[in-house]
Structure formats: structure tokens, C-alpha cells
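*Asks:* The chain contents come next:
Number of protein chains: 2
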Amino acid sequence: MSIIVPVILCGGSGTRLWPKSRPERPKPFIPLVGGQSLFAQTVSRFPAEEGFAAPLLVTGAHLRVLVEEALEGRQAALIVEPVQRNTAPAIALAAHRLPEDAVMLVCPSDHHIGDTDAFRAAARAAAGLAGQGHLVAIGITPTHAETGYGYIRRGEQLDGGFAVERFVEKPDPATAEAYLAEGSYVWNAGIFAFTAGGFLSELARHRPEMAAMVAEAVAKGSEADGAFVPNAESFTRVPKESVDYAVMENTSHAAVVPAEMAWSDIGSWHAVQQAREGDADGNWPGERGELVDCRNVMVESDGPRVSVIGLEGVIVVVDGGEVLVTSAAGAQKVGTLKGAKGE
Amino acid sequence: MSIIVPVILCGGSGTRLWPKSRPERPKPFIPLVGGQSLFAQTVSRFPAEEGFAAPLLVTGAHLRVLVEEALEGRQAALIVEPVQRNTAPAIALAAHRLPEDAVMLVCPSDHHIGDTDAFRAAARAAAGLAGQGHLVAIGITPTHAETGYGYIRRGEQLDGGFAVERFVEKPDPATAEAYLAEGSYVWNAGIFAFTAGGFLSELARHRPEMAAMVAEAVAKGSEADGAFVPNAESFTRVPKESVDYAVMENTSHAAVVPAEMAWSDIGSWHAVQQAREGDADGNWPGERGELVDCRNVMVESDGPRVSVIGLEGVIVVVDGGEVLVTSAAGAQKVGTLKGAKGE
Numbered sequence: 011m012s013i014i015v016p017v018i019l020c021g022g023s024g025t026r027l028w029p030k031s032r033p034e035r036p037k038p039f040i041p042l043v044g045g046q047s048l049f050a051q052t053v054s055r056f057p058a059e060e061g062f063a064a065p066l067l068v069t070g071a072h073l074r075v076l077v078e079e080a081l082e083g084r085q086a087a088l089i090v091e092p093v094q095r096n097t098a099p100a101i102a103l104a105a106h107r108l109p110e111d112a113v114m115l116v117c118p119s120d121h122h123i124g125d126t127d128a129f130r131a132a133a134r135a136a137a138g139l140a141g142q143g144h145l146v147a148i149g150i151t152p153t154h155a156e157t158g159y160g161y162i163r164r165g166e167q168l169d170g171g172f173a174v175e176r177f178v179e180k181p182d183p184a185t186a187e188a189y190l191a192e193g194s195y196v197w198n199a200g201i202f203a204f205t206a207g208g209f210l211s212e213l214a215r216h217r218p219e220m221a222a223m224v225a226e227a228v229a230k231g232s233e234a235d236g237a238f239v240p241n242a243e244s245f246t247r248v249p250k251e252s253v254d255y256a257v258m259e260n261t262s263h264a265a266v267v268p269a270e271m272a273w274s275d276i277g278s279w280h281a282v283q284q285a286r287e288g289d290a291d292g293n294w295p296g297e298r299g300e301l302v303d304c305r306n307v308m309v310e311s312d313g314p315r316v317s318v319i320g321l322e323g324v325i326v327v328v329d330g331g332e333v334l335v336t337s338a339a340g341a342q343k344v345g346t347l348k349g350a351k352g353e
Numbered sequence: 011m012s013i014i015v016p017v018i019l020c021g022g023s024g025t026r027l028w029p030k031s032r033p034e035r036p037k038p039f040i041p042l043v044g045g046q047s048l049f050a051q052t053v054s055r056f057p058a059e060e061g062f063a064a065p066l067l068v069t070g071a072h073l074r075v076l077v078e079e080a081l082e083g084r085q086a087a088l089i090v091e092p093v094q095r096n097t098a099p100a101i102a103l104a105a106h107r108l109p110e111d112a113v114m115l116v117c118p119s120d121h122h123i124g125d126t127d128a129f130r131a132a133a134r135a136a137a138g139l140a141g142q143g144h145l146v147a148i149g150i151t152p153t154h155a156e157t158g159y160g161y162i163r164r165g166e167q168l169d170g171g172f173a174v175e176r177f178v179e180k181p182d183p184a185t186a187e188a189y190l191a192e193g194s195y196v197w198n199a200g201i202f203a204f205t206a207g208g209f210l211s212e213l214a215r216h217r218p219e220m221a222a223m224v225a226e227a228v229a230k231g232s233e234a235d236g237a238f239v240p241n242a243e244s245f246t247r248v249p250k251e252s253v254d255y256a257v258m259e260n261t262s263h264a265a266v267v268p269a270e271m272a273w274s275d276i277g278s279w280h281a282v283q284q285a286r287e288g289d290a291d292g293n294w295p296g297e298r299g300e301l302v303d304c305r306n307v308m309v310e311s312d313g314p315r316v317s318v319i320g321l322e323g324v325i326v327v328v329d330g331g332e333v334l335v336t337s338a339a340g341a342q343k344v345g346t347l348k349g350a351k352g353e
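Chains C and W, in that order, are what the protein sequence lines are. This note's numbering applies: residue 11 is where the first sequence begins, and numbers increase by one. This note's numbering applies: residue 11 is where the second sequence begins, and numbers increase by one.
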């Protein structure tokens, strides 16, 4: 089996994790679960002895310094996008920089995976299918009727996975319940494996204009200071589209590898709370919290002491002079706050 | 009718209003309801044109500077206690500094009274009864089955009030409900009227040792910098006891004047919340709060923005680098927090 090249997409953002996640220090670069940042956890997931090549990172110009700092000297190739064009063009850039038969394992840089062994096993299965010409999604076996993710329905069994029957949009609660009960749906986690040549070939088939424009941006691109930078003028004209819409939902070679790997996209403070292990009362007071008569209360503070009395299911985040107090459900709306919008 | 001398007791403290109330700037001196501090509201309650003499303030040495600042040039006599000995000795000090027939109107300095006219009417009725030889409590007509206050049961009708049948301790919830339903109980608000001579006479009858020791501390006391200071050595030997225990519960001349005057002892952040007028959702965001999907949420902040999502009945107080988040019921326990205890 050919070596697997981790392609790590680091686009930044994460306004729902405000006030800790901010434009100048976004979500991938802050420690949210365990001592390491999500970015550091991601790059640590691919040691050479487990059969992974050094990762190829695709990031934005505004994040380059943060990325290089967070690499802490680890070997990695870097592609710096002059503007961000969503995941399909970002992955196409990476594919152009790799041999045709290299297996790309595309991963976001801001997810948490609790079971690394299960992840690597799924990655190897996906790489195997990719080597046979499939474009493979690693799908997460649902643990609850989540409405915040897209789902993938599996079809006929393949060697190490399944053909994809179809991709479906984020469901309403009743539909999510039905998917969970039905048993053949997994969450679309945005983790994919395919060969570089296979991806570019399918991109050219389903998005010929995008494929041509990215190829032009690469041809006119330049290597500088250890990073590859596509031509800005060309790349700016590339349409914004996700890999799901541009390729995965259109290709007739889609496959899925289901995995149970304690995955979370850490998409909100409630997701952070769920990924952390609380005490016997479900509380997570951190170093600065004093909790009295509380259950399932999480405190995150960059300094000020936080005293909480008589509450259940509440999250308090104090950072950079901002105070956020939210219910678990309310955590989804953090991005709409004035502070999170920079107002 | 003789003139009424407001005797304002200013002992400080207020740990249940931490983190805004602190040892160096306790409860009476912070604006909690309306723009003025509770102390300023108290001294403003007694204008000369309404028949009140300049107030006589009894405070501790550690609060003298705060008291003098908060007076803002208003005329007032000052007694500075070298140590604090609870309310009976404090009132006895004041009584010694007044003519025998002066009517003292004893008030805490840290209560809120929403209806000043009703208060003054009750004060005049109480003063009238005091002039007839009664020791009078102004009792608050209960609005709910409160367990945090002592109660007074009224007896036979007098001119402008009632004889006291008995004082009762803070009740349990069932007893409080019974008091409320029964209709002849009022809350003991710690507001009293009596003549100076009448009070000292009853103190001598029921607490002869305390009366003698206070008299000695006054005789050996000194006037300095516009304040009277009882002799420290003598006053330190005076036992600590409240006026309720030492005199009011023992005298056979106790009377009570019921009043409906939108009174609150502002005994907790929940009491502050109740004394303030919220918006249509019961929210009080203040100047620094952004509330989304909230009901009955109050935010008090000395600077940092406070964003709250999806909560009901929660109080957030940010002050001096401390963050407090509590339920209404939890507000009673604020004094037990490490921060409030200065740890």
C-alpha cells in the first residue's frame, strides 16, 4: 500500500468558540480539550512509524505565522492561499503538489479525535479503497440524533468500507432520529481519502472551470520561504465551493468507511464540554472556578476567578475581558453575539 | 409633636453582595438600586421640611471616611464606635447624646424603600406612639412567605398602630405561609422609634449591665474632629446584643406600625434584582450586558462585557476581576464563597 499523505486544511475561524477563539488566535490554535491545541493534536496524529508521510498544510496568509509556530519544528510542507476559496480549491492545490498516485488523507485542523488508534485504522481502510480508485469519506457512527451535521448513507459493501448511496443535508430532529434508528447513516466529518490523480480527474469531470483555474494558479504560482503560494490573481477568480458539493456528491466512485473514534468537531462550547471529562457532578471548574450546588457546569477563564452557585447545564467562559454565560443549547448562538462579530 | 431625630446605624459588611460589596467599600456605599448608594438614599429620606432633625450617625472607625464622603456636606452628627457591639449598644450611645424627650427614629443605612411618602407617614405614626411612651417597630406588611426575616405579631389597636403581641424568629417555609395567611404578622425591618429617655430606661430595666457600661463609655468619651467617640476601653467591655433581643422583645411597651412602603433590606443579589425594574422579559442587562433568549437575567458589571444566552433566573456580577454567576436561590449563599470570605 502506498504511503498516506495527510493534507491538513487550516482555515481558521471558529466564532462559536468566542471569546476564546478570536480572529487573531482562532479555534485551531487554542487548547480546548487536553493541554494541546486542536492543530497540534491534528499534526501529532500522523507519525512516520504508523505509515504517514510528513503532512501537507493548506492555510491562509493571515494564519501562516500561527501555523508555523504551532508546528514547533515538525516537518511539513506548506501551501499558503492568498485568499480562501473553501475546501474544493484548497484540496485541488494540494493534489497538484503531490504525485498522481499519492493517497491524500484530507483532515480539518480543528477537530478532536479521542481514539487515535480507531482513527488510524479507518484512515488505512480509506487509503486502501482510495488506492482502488474510490473517493472515500470517513464517516462517524452516530451516537445521538445530531442535527448539526450532514449524513452519509452507506450502500453496498466494499473491501474495508461501503459504497456511498447518498450524501444528505443536515436533517431536522425527526429525520435525525430516523437516521439514527435506521442504522445505515454516518456523520460526514469532512475527512476524506483519495489519490491526488483521482481527485483532480473527478474535479475536472464535475467542475471543469474550477479545475482549470486552480491549475492555472498553480502553474503561475511560486515557492517562497519554504511555502508554495498559488498565483493570487488566478486563485482569486476560483469559485468558492466545498469538496462535498463540488466532488463527493457528484462522483460515482464515492465510498465511506464508518468509524467509532470519539470524534467531535468541537463546534461549540457545549461540544467542548462534552469532549472533556467532568467530575462526579459533571462539573468542570478548571483552575479558576468555584462551583457550589452545581451540575454540568463548565468554567473556562484566562485569569479572573469565576464563582457559580445553584446552576445546572451552564457554561461560563471568561477571556480577554469578555464574559460569556450560556446554556448548552445557547452555545450554538455564540457566533451571533456582538462580541463574536467584533462589534 | 416633637421633632424626629433620625438615628442611622451604619455598620458596614454585606458579604452576600460580593463581589461588588467588599470590606473596603461595603454594601451601604455602593449604588445598587437607582443611581444613589443605599446610604445616600437613607440620609436623603429625612428632609428638614418634613419635620426631621439632622441625622445622628453611628458608625465604626473603619467606615468613618466613607461615611463622611457619602454625606457630601449634609449636616449630621457623628458617633464613631471604636469597636462594634451590635445594635443595642449603638442605639444606647445615640440616646445618651440626645435630650430625654427627643424621638429617635432608628434606621439601618443599607435598606431600600421605594415609597418614601409611605415611610414618612409610618415614621410620624411611630413617633406619635413613641411620644406616648411606646417603643415602636415599623413592621413591613408581608408580600410573600419570606423565611429570611423575623416577624412581629400585632395585638390590640393603639392610636396610629398596634401593641406588639410577640416577636417571632425567622420561620420555616410552612410557618411563613401560615403567618402570611393569618394576616396579623409583619416583617421586622429593624426600624424603630422611641424617645431617648424611654429607650435608656427600658435598657436599664432589662440589660442593666449593658446600660451601665455604655453610660460609662459615654461619660469617659471624647469629642474630636466633629465626632463623638465613646471611651474605647469601656465600650469594648459592652456585650454584643441586638436591640431586638436586649429591649424590644422584653419591654411591655412595644408597639408596631404596619407599613407598605416597597421596602427591601437588599439582603442578596436576588433582592437587588427584585428591587430593580426589569424590561418586558424581566431582564436587566445594565450597560454592559447582551442578553439573548433570556428571562429574568440581571447583569451587573464594572467594565467587561457580559454576554448571556438561553438562561432564566440567573444573576451575573462582574466586579474587581471577580465573576459571580448565581441562581436566585443561590444568591443567599454568596457569603460562603471563598472570594466573599477574602480567601
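Treat the hints as calculated values from the structure; they're not laboratory data. Note that the structure is predicted; figures quoted are calculated from it, not measured. One thing to keep in mind: the hints can contain errors.
Derived Cβ-Cβ restraints for the label pairs, each shown as a range [unchecked claim]:
#, chain 1, residue 1, chain 2, residue 2, range
1, C, K348, W, A290, 19 to 29 Å
2, C, P33, W, E34, 36 to 46 Å
3, W, A155, C, P33, 51 to 61 Å
4, C, D289, W, E187, 30 to 40 Å
If you want the ones that stay clear, here's a sample from chain C, every Cβ over 10 Å from chain W, calculated [stated by the list, open to error]:
#, residue
5, G45
6, E300
7, S337
What the simulated footprint calls covered on chain C by chain W, stretch by stretch (three residues with Cβ under 8 Å from a Cβ of chain W suffice, anywhere in the stretch; the number is not a length) [unchecked claim]:
#, segment
8, 314 to 320
9, 324 to 333
By construction, the Cβ of each residue, glycine as well, lies at the ideal position given by its N, Cα and C atoms.
*Asks:* Hints numbered earlier in the text: which of these fail when held up against the supplied structure?
*Replies:* 6, 7
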